[in-house]
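K.L.:
For the protein sequence lines, the chains are U, F and C, in the order given.
With the first letter of the first sequence counted as 1, position 113 gets the number 112 in numbering that gives the first Met the number 0; the numbers rise by one all the way through.
With the first letter of the second sequence counted as 1, position 18 gets the number 17 in numbering that gives the first Met the number 0; the numbers rise by one all the way through.
With the first letter of the third sequence counted as 1, position 63 gets the number 62 in numbering that gives the first Met the number 0; the numbers rise by one all the way through.
Incorrect hints may appear among the rest.
To be verified - Straight line, CA to CA, 27 Å or less: simulated DSSO-like cross-link-like pairs of lysine-lysine:
hint : chain 1 : residue 1 : chain 2 : residue 2
1    : U       : K159      : C       : K195
2    : C       : K133      : U       : K435
3    : C       : K311      : F       : K17
4    : C       : K129      : U       : K159
5    : C       : K195      : U       : K154
6    : F       : K193      : F       : K125
7    : U       : K159      : C       : K127
8    : C       : K129      : U       : K151
9    : C       : K127      : U       : K435
10   : F       : K193      : F       : K30
11   : C       : K133      : U       : K154
12   : U       : K159      : C       : K133
13   : C       : K195      : U       : K435
14   : F       : K30       : F       : K184
15   : C       : K195      : U       : K151
16   : U       : K85       : U       : K154
17   : U       : K435      : C       : K129
18   : U       : K118      : U       : K83
19   : C       : K127      : U       : K154
20   : U       : K154      : C       : K129
21   : F       : K137      : U       : K435
Hints in this document: simulated from the structure, not taken from any laboratory.
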Amino acid sequence: MKRDPESGRGPLGYYLATDGGRGPAGPSEPPSGPACFATLEAGLEAAGAWCSALPEPGPSPNSADLVCGPTGPACEARIVRRRKPKYRFYACHQAAGSGGDGTELVPWWSIPCAVEELKQLARDGDIELRSGDRIRLVCRAMFSPSPLEARKRTKEAVAKYVLMAAAAALVVPVVAILGYLTYKAWPVLGPSFVLENPREFMSTGGIWAPLAGTFALVLLSLLVAAPVGVLAGVYLNEYARDNWFTRIVNLAVMNLAGVPSIVHALFGVGAFVLFAHMGRSLLAASCTVAVMTLPVIITSTREALASVPTAFREACWNLGATRWQTIRTIVLPNSISGILTGVILQVSRAAGETAPILFTGAVFFVPIADHGWDSWFPYGLDRPFMALSMHLFTLLTQVRGVSDEIEYGTAVVLIALVLAVNSLSIGIRMVLRARKRW
Amino acid sequence: MVTPHIRFDRVSVCYGAKAALCDISLEIPEKRIFAIIGPANSGKTTLLKCINRTIDFIPSARVTGEVLVGGEDVARSADVYRLRRRIGMVFPLPVGLPLSVYENVAYAPRRAGIHDSRELDPIVEKCLREAMLWDEVKDRLDLLGTRLSGGQQQRLTLARALSHRPEILCLDEFSIAIDPVTTMKIEDILREMKSRMTIVLATNLVQQARRLADRTAFLSDSRLIEVDETEKLFTRPAQRLTERFVNGEFG
Amino acid sequence: MTHADTEFPAKLSKRRSSGLYRLVQAALDAAEPLIEAVIRLCGMSAILFVFAILFFVLVEAAPMLGGKLNLVEFVTSTEWRPTSESHPQYGILALLVGTVSVTGLAMLLAVPLGLGAAVYISEFCPGKPKEALKVVIELLAAIPSVVWGFIGYMVIGPVIIATTGAPVGVNLLNGGIILALMSVPIIVSVGEDALKAVPDSYREAALALGASRWEVVYRVLFPAARNGLLAAVLLGVGRAIGETMAVLMATGHAVEIPHSLVDPIRTLTATIAAELGEVVAGDDHYRVLFVIGLVLFALTFSVNLIADLVVKGIRIEKGS
Numbered sequence: 000m001k002r003d004p005e006s007g008r009g010p011l012g013y014y015l016a017t018d019g020g021r022g023p024a025g026p027s028e029p030p031s032g033p034a035c036f037a038t039l040e041a042g043l044e045a046a047g048a049w050c051s052a053l054p055e056p057g058p059s060p061n062s063a064d065l066v067c068g069p070t071g072p073a074c075e076a077r078i079v080r081r082r083k084p085k086y087r088f089y090a091c092h093q094a095a096g097s098g099g100d101g102t103e104l105v106p107w108w109s110i111p112c113a114v115e116e117l118k119q120l121a122r123d124g125d126i127e128l129r130s131g132d133r134i135r136l137v138c139r140a141m142f143s144p145s146p147l148e149a150r151k152r153t154k155e156a157v158a159k160y161v162l163m164a165a166a167a168a169l170v171v172p173v174v175a176i177l178g179y180l181t182y183k184a185w186p187v188l189g190p191s192f193v194l195e196n197p198r199e200f201m202s203t204g205g206i207w208a209p210l211a212g213t214f215a216l217v218l219l220s221l222l223v224a225a226p227v228g229v230l231a232g233v234y235l236n237e238y239a240r241d242n243w244f245t246r247i248v249n250l251a252v253m254n255l256a257g258v259p260s261i262v263h264a265l266f267g268v269g270a271f272v273l274f275a276h277m278g279r280s281l282l283a284a285s286c287t288v289a290v291m292t293l294p295v296i297i298t299s300t301r302e303a304l305a306s307v308p309t310a311f312r313e314a315c316w317n318l319g320a321t322r323w324q325t326i327r328t329i330v331l332p333n334s335i336s337g338i339l340t341g342v343i344l345q346v347s348r349a350a351g352e353t354a355p356i357l358f359t360g361a362v363f364f365v366p367i368a369d370h371g372w373d374s375w376f377p378y379g380l381d382r383p384f385m386a387l388s389m390h391l392f393t394l395l396t397q398v399r400g401v402s403d404e405i406e407y408g409t410a411v412v413l414i415a416l417v418l419a420v421n422s423l424s425i426g427i428r429m430v431l432r433a434r435k436r437w
Numbered sequence: 000m001v002t003p004h005i006r007f008d009r010v011s012v013c014y015g016a017k018a019a020l021c022d023i024s025l026e027i028p029e030k031r032i033f034a035i036i037g038p039a040n041s042g043k044t045t046l047l048k049c050i051n052r053t054i055d056f057i058p059s060a061r062v063t064g065e066v067l068v069g070g071e072d073v074a075r076s077a078d079v080y081r082l083r084r085r086i087g088m089v090f091p092l093p094v095g096l097p098l099s100v101y102e103n104v105a106y107a108p109r110r111a112g113i114h115d116s117r118e119l120d121p122i123v124e125k126c127l128r129e130a131m132l133w134d135e136v137k138d139r140l141d142l143l144g145t146r147l148s149g150g151q152q153q154r155l156t157l158a159r160a161l162s163h164r165p166e167i168l169c170l171d172e173f174s175i176a177i178d179p180v181t182t183m184k185i186e187d188i189l190r191e192m193k194s195r196m197t198i199v200l201a202t203n204l205v206q207q208a209r210r211l212a213d214r215t216a217f218l219s220d221s222r223l224i225e226v227d228e229t230e231k232l233f234t235r236p237a238q239r240l241t242e243r244f245v246n247g248e249f250g
Numbered sequence: 000m001t002h003a004d005t006e007f008p009a010k011l012s013k014r015r016s017s018g019l020y021r022l023v024q025a026a027l028d029a030a031e032p033l034i035e036a037v038i039r040l041c042g043m044s045a046i047l048f049v050f051a052i053l054f055f056v057l058v059e060a061a062p063m064l065g066g067k068l069n070l071v072e073f074v075t076s077t078e079w080r081p082t083s084e085s086h087p088q089y090g091i092l093a094l095l096v097g098t099v100s101v102t103g104l105a106m107l108l109a110v111p112l113g114l115g116a117a118v119y120i121s122e123f124c125p126g127k128p129k130e131a132l133k134v135v136i137e138l139l140a141a142i143p144s145v146v147w148g149f150i151g152y153m154v155i156g157p158v159i160i161a162t163t164g165a166p167v168g169v170n171l172l173n174g175g176i177i178l179a180l181m182s183v184p185i186i187v188s189v190g191e192d193a194l195k196a197v198p199d200s201y202r203e204a205a206l207a208l209g210a211s212r213w214e215v216v217y218r219v220l221f222p223a224a225r226n227g228l229l230a231a232v233l234l235g236v237g238r239a240i241g242e243t244m245a246v247l248m249a250t251g252h253a254v255e256i257p258h259s260l261v262d263p264i265r266t267l268t269a270t271i272a273a274e275l276g277e278v279v280a281g282d283d284h285y286r287v288l289f290v291i292g293l294v295l296f297a298l299t300f301s302v303n304l305i306a307d308l309v310v311k312g313i314r315i316e317k318g319s
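Kindly generate the complete structure, drawing on both the sequences and the hints.
P.N.:
So, in C-alpha cells, the structure goes:
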C-alpha cells in the first residue's frame with residue numbers, strides 16, 4: 000500500500016466507480032458500495048471484469064472509473080462523479096484485428112487486451128495517480144458516436160435551430176404586421192370601398208379614383224418600357240459585339256437599377272416636367288416611371304436570354320439560320336418565362352412607388368364628377384392625377400380627420416394589389432419552369 | 000486535273016493576338032473522306048469553322064487568305080446562309096434542340112422556306128433513316144430532342160446536318176462524347192455517304208482516321224505538317240513529326 | 000398523305016403547315032431587316048436613357064457646383080437652412096450622418112438575420128418548406144416602401160413609445176427597424192444565390208471528411224462564397240441608402256445629429272422628397288437639392304458597382 004504523499008493520511012487505495020449503462024448494479028450505483036482495491040492492477044482487473052460482464056453497449060458508451068484515494072471511512076466522499084479523469088482509455092468490443100493504442104480514434108480491441116495494456120502501463124510507471132485522480136475506461140460499440148461526434152451533432156442541431164429562428168424572426172413579424180393591418184382595416188374593406196370615389200376631401204368614401212390613376216400610370220409606363228426594354232435586352236445580349244463600349248453599357252444598365260427612386264424623381268422633374276414642357280401630368284409621371292423600370296426590364300431580359308445555352312444558337316447557325324431566325328425560333332420561346340416574370344415584377348413596382356410620381360404629376364385632390372365617364376376616369380394625359388401610393392402617403396402625413404380604418408384600408412388595398420401581381424409572376428415562373436425543355 | 004471541292008490558299012486565322020492557323024494551304028478532293036488529325040489546340044476546329052464561315056460568330060477572329068468552296072471564295076459569297084446550307088456540321092458535344100425530334104430535323108428546311116408537311120415528312124424520315132435513328136424514334140417523333148441519350152442526340156445532329164442536302168459534311172471530333180456502338184454506327188454511315196458528298200473529318204483519334212479516311216492531313220501547332228494518302232501517311236510519313244504522332248508518341 | 004410504309008402522327012405534321020403559319024413565318028423572315036433595325040433602335044435608346052438620367056441631374060445641379068456652393072461647408076456643416084431669407088445655409092453633414100446612421104443600424108439588424116436566413120434556406124431547410132419560404136421572402140421584397148413607412152409610423156412608432164418611453168415614435172430606431180426589414184429580402188436572395196453557386200463537390204468532400212453540416216457551412220461555404228455574401232450585404236446597403244418614402248415617414252424631421260437611438264433624424268433622400276415640392280424651379284434651393292441627388296447617385300452607384308466587381312472577382316479567380 001502506498002502512502003498518500005500529500006496528506007500523509009494513510010494508505011492509498013483504488014476505488015472502482017462505474018457509469019450507468021446496463022450494468023448489473025443498475026445506473027450510477029457501484030456494484031456494492033465503493034469497491035476498494037489495494038493495487039492498481041487489482042482495480043484494473045475488477046474494472047475489466049465489470050465491463051466484460053455487461054451486455055454490449057448501445058449508442059452511449061459504458062465507462063468505469065478507477066479513483067485513487069485514501070482508504071478508510073472517508074472513501075465515499077472521494078467518488079464524485081463529475082470530476083474530469085486524468086487519463087482516459089478506450090476500448091471497443093467489436094474492433095477487428097489488432098493494434099489500437101487505447102485512444103479515442105484507435106481503441107483497444109477487447110476488454111482483456113485493454114486490461115493487459117493498462118497493467119503494462121502501470122508496471123512501466125507510465126500511470127501516475129495522486130489522491131483524487133481517476134482513470135476512466137470507456138467501452139463503446141463500433142460505429143457509435145464518439146464524444147467528438149456527439150459534440151458535433153449538438154453543435155449542428157444548435158446551429159440549425161438558431162438559423163431557423165433567424166428565418167422565423169424575419170417572416171413571423173411581417174406576417175403578424177400584415178395581419179394586424181388587415182384586422183384594423185376590416186370594417187372598411189369591401190367592394191364599395193374599392194369602387195367608390197373619395198368624398199368630402201378624402202375623409203370618407205372609397206379609393207376608386209386613386210386606384211384608377213394607378214392603373215393608368217402602370218399601363219402607360221409599361222406600354223413604353225416593356226417593348227423598349229425587352230428589345231434592348233435582345234440587342235445587348237444577341238447583337239451587340241463584345242467590346243469595351245458594350246461592357247460599359249451593361250455595367251451602367253445593371254447598376255442604374257439600384258439608383259434611388261428619388262433621383263428618378265429629380266430626373267423626371269428636370270427632363271419631363273420642365274425640359275419637355277409636359278408640366279405635372281400623367282404623361283410626365285408615366286415617362287418617369289417608364290425610365291425607372293427600364294433598366295430592370297433590360298437586365299432581367301438579358302438574364303433570361305443568357306440562360307439559353309449557346310450550344311443551341313451555334314447549332315442553328317450551322318444549319319443556315321440567320322440571327323433573327325435563331326432568336327425567334329429558339330431563343331425567345333425558351334426565355335419567355337424569364338422575360339415575362341421580369342416585366343410583371345416591374346408592374347408591381349410601378350404600382351407601388353411613390354417618390355417618382357410625387358413631383359411629376361401625382362396630386363392628392365382632383366375634382367371628380369359624380370356621374371358619367373369622368374367619375375370612373377377623371378384624368379387626362381396632360382393633367383395631374385391621383386395615385387394609390389400617393390394617396391396613402393398624403394392621408395397619413397398631411398390630412399387630419401380621416402378615420403383610421405380608411406388609412407389602414409388604403410394600405411391593405413395597395414399591399415393586396417402588389418402582392419397579387421407578384422404572386423401572378425411567381426405562379427407563371429413555377430408553371431413555365433415545370434415545363435423546362437432541357 | 001480535278002478541281003478540288005474545297006481549297007485553302009494561304010489561310011491564317013488569329014483570335015486576337017493568338018494564332019490559331021498559320022499559312023495553311025491544302026486541297027480537299029470531292030466525294031472522299033478527308034481526315035484532319037493533330038493534337039489538341041492545333042487548329043482543327045478553326046479550319047472547319049472557316050469552311051462554313053461560322054468563324055464570323057467569333058468577334059475576335061481575323062481571317063486572311065482565301066477559302067474556296069467549289070471554286071468560289073466563301074468570304075465573297077453573296078448569301079452566307081445558303082453557303083451554310085451547302086455544308087453540314089456535326090459538333091463534338093451532342094446537341095438536341097429543345098424541339099420535338101421531328102422539328103429538329105425539319106428545322107433547316109423550314110428556315111429555307113419549306114413548311115408543307117407533304118414535303119417535310121419525307122425529308123424527316125429519309126434523314127432519320129440515313130442517320131440510323133429512325134427505328135428508335137419513329138413512334139416517338141414528338142419527343143423533345145433534349146431528352147434523347149447522348150448517342151441518339153449525336154445521330155439527331157447528323158440527321159439535322161443531312162436535312163438540307165449538303166454537298167460537304169464536316170464532323171468535328173464527333174465521337175468524343177458518345178458510346179463506341181454509336182461511333183461505329185456513324186462510321187458506317189460515313190462510309191456509305193462518301194459516294195454522295197465530300198466528308199471532312201477532324202479527329203484526334205488516330206485510328207479512326209486510319210479506318211475511315213482516303214486522305215489525311217496532319218496539323219500541329221497551327222501549321223500544316225503533312226497531307227497525303229492515308230496509308231502512306233501512316234506507314235511511310237515524310238515528316239518525323241508525323242511519324243511520332245501517328246505512333247502515339249505525343250498528342 | 001406520305002409514303003405507303005409510314006404513318007406520321009397526323010397532329011404532328013399537319014398542325015404546323017397551315018396557310019396562316021406559313022404566311023406568318025414568311026412575313027417574319029421578310030421583315031427581318033426592319034425588325035433588326037427596331038431592335039438596334041431600342042438598344043440605342045435604352046443606352047441613351049441610362050446616361051440621360053445622370054446628365055439631367057448634372058445639368059440642373061451644375062450652376063450651384065460652379066462656385067456658388069462652398070463645397071467644404073456643404074459637406075461639413077450641420078446647418079441646413081435653405082429657406083432662410085437673409086442667409087441660406089446648405090450644410091448636409093447632419094443629413095449625411097442621418098443616412099449613415101440609419102443605414103448602419105439597419106445593417107446591424109439585417110445582416111445577421113439575412114445571412115442566417117440565407118444559410119438556413121440554402122443548407123438546412125428541407126424541400127417543401129424551402130420553396131414556401133423563398134416565395135414568402137420574395138413577396139416581402141415586393142411590399143412598397145410607402146407601406147413600410149405606414150407600418151413604421153402607425154405600428155412600430157407606438158410600440159417604441161410604449162417600450163422605451165421616447166417622446167415621439169418616429170426616430171432613428173424606427174427607421175432602422177423598417178429599413179432592416181426592407182433590406183433583408185435582398186440580402187437573403189443574393190446570399191442564397193451565392194451559397195447555391197458553391198459546387199456540391201465542396202460540400203460532399205467536407206462531409207466525407209467527417210464534418211458536420213454546420214462545420215461545412217462555416218469552414219467551407221463561408222470562405223468559398225464570401226465574395227457573393229459580401230456582394231449581398233453591399234446590395235442591401237445600397238438599398239438602404241437609397242430608400243426614400245419609408246424613411247421619410249418613419250424617421251421624423253429633425254435635421255440634427257442623433258445622440259440616442261430614439262432621436263428623430265433626417266436622411267438625404269427624405270430631404271429631397273420633403274422639399275422638392277416647395278421650391279421654385281431654377282433657384283438656389285432647387286439646385287442644391289439636385290446636388291444632393293448627385294451625392295446620392297454617386298453613393299448608390301459606387302456601392303452597386305463595388306458589389307458587382309466583388310462578385311466578378313470570383314469569376315476571374317475561378318476562371319484562371
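K.L.:
Take the hints in turn and mark each one as holding or not.
P.N.:
Comparing the hints with the structure gives:
{"no.": "1", "hint": "K159/U x K195/C", "in the structure": "holds, 18 Å"}
{"no.": "2", "hint": "K133/C x K435/U", "in the structure": "holds, 20 Å"}
{"no.": "3", "hint": "K311/C x K17/F", "in the structure": "holds, 25 Å"}
{"no.": "4", "hint": "K129/C x K159/U", "in the structure": "holds, 14 Å"}
{"no.": "5", "hint": "K195/C x K154/U", "in the structure": "holds, 23 Å"}
{"no.": "6", "hint": "K193/F x K125/F", "in the structure": "holds, 17 Å"}
{"no.": "7", "hint": "K159/U x K127/C", "in the structure": "holds, 17 Å"}
{"no.": "8", "hint": "K129/C x K151/U", "in the structure": "holds, 24 Å"}
{"no.": "9", "hint": "K127/C x K435/U", "in the structure": "holds, 19 Å"}
{"no.": "10", "hint": "K193/F x K30/F", "in the structure": "holds, 5 Å"}
{"no.": "11", "hint": "K133/C x K154/U", "in the structure": "holds, 26 Å"}
{"no.": "12", "hint": "K159/U x K133/C", "in the structure": "holds, 17 Å"}
{"no.": "13", "hint": "K195/C x K435/U", "in the structure": "holds, 20 Å"}
{"no.": "14", "hint": "K30/F x K184/F", "in the structure": "holds, 20 Å"}
{"no.": "15", "hint": "K195/C x K151/U", "in the structure": "holds, 24 Å"}
{"no.": "16", "hint": "K85/U x K154/U", "in the structure": "holds, 26 Å"}
{"no.": "17", "hint": "K435/U x K129/C", "in the structure": "holds, 20 Å"}
{"no.": "18", "hint": "K118/U x K83/U", "in the structure": "holds, 21 Å"}
{"no.": "19", "hint": "K127/C x K154/U", "in the structure": "holds, 25 Å"}
{"no.": "20", "hint": "K154/U x K129/C", "in the structure": "holds, 22 Å"}
{"no.": "21", "hint": "K137/F x K435/U", "in the structure": "holds, 24 Å"}
When the structure is compared with the earlier hints, no violation turns up for any of them.
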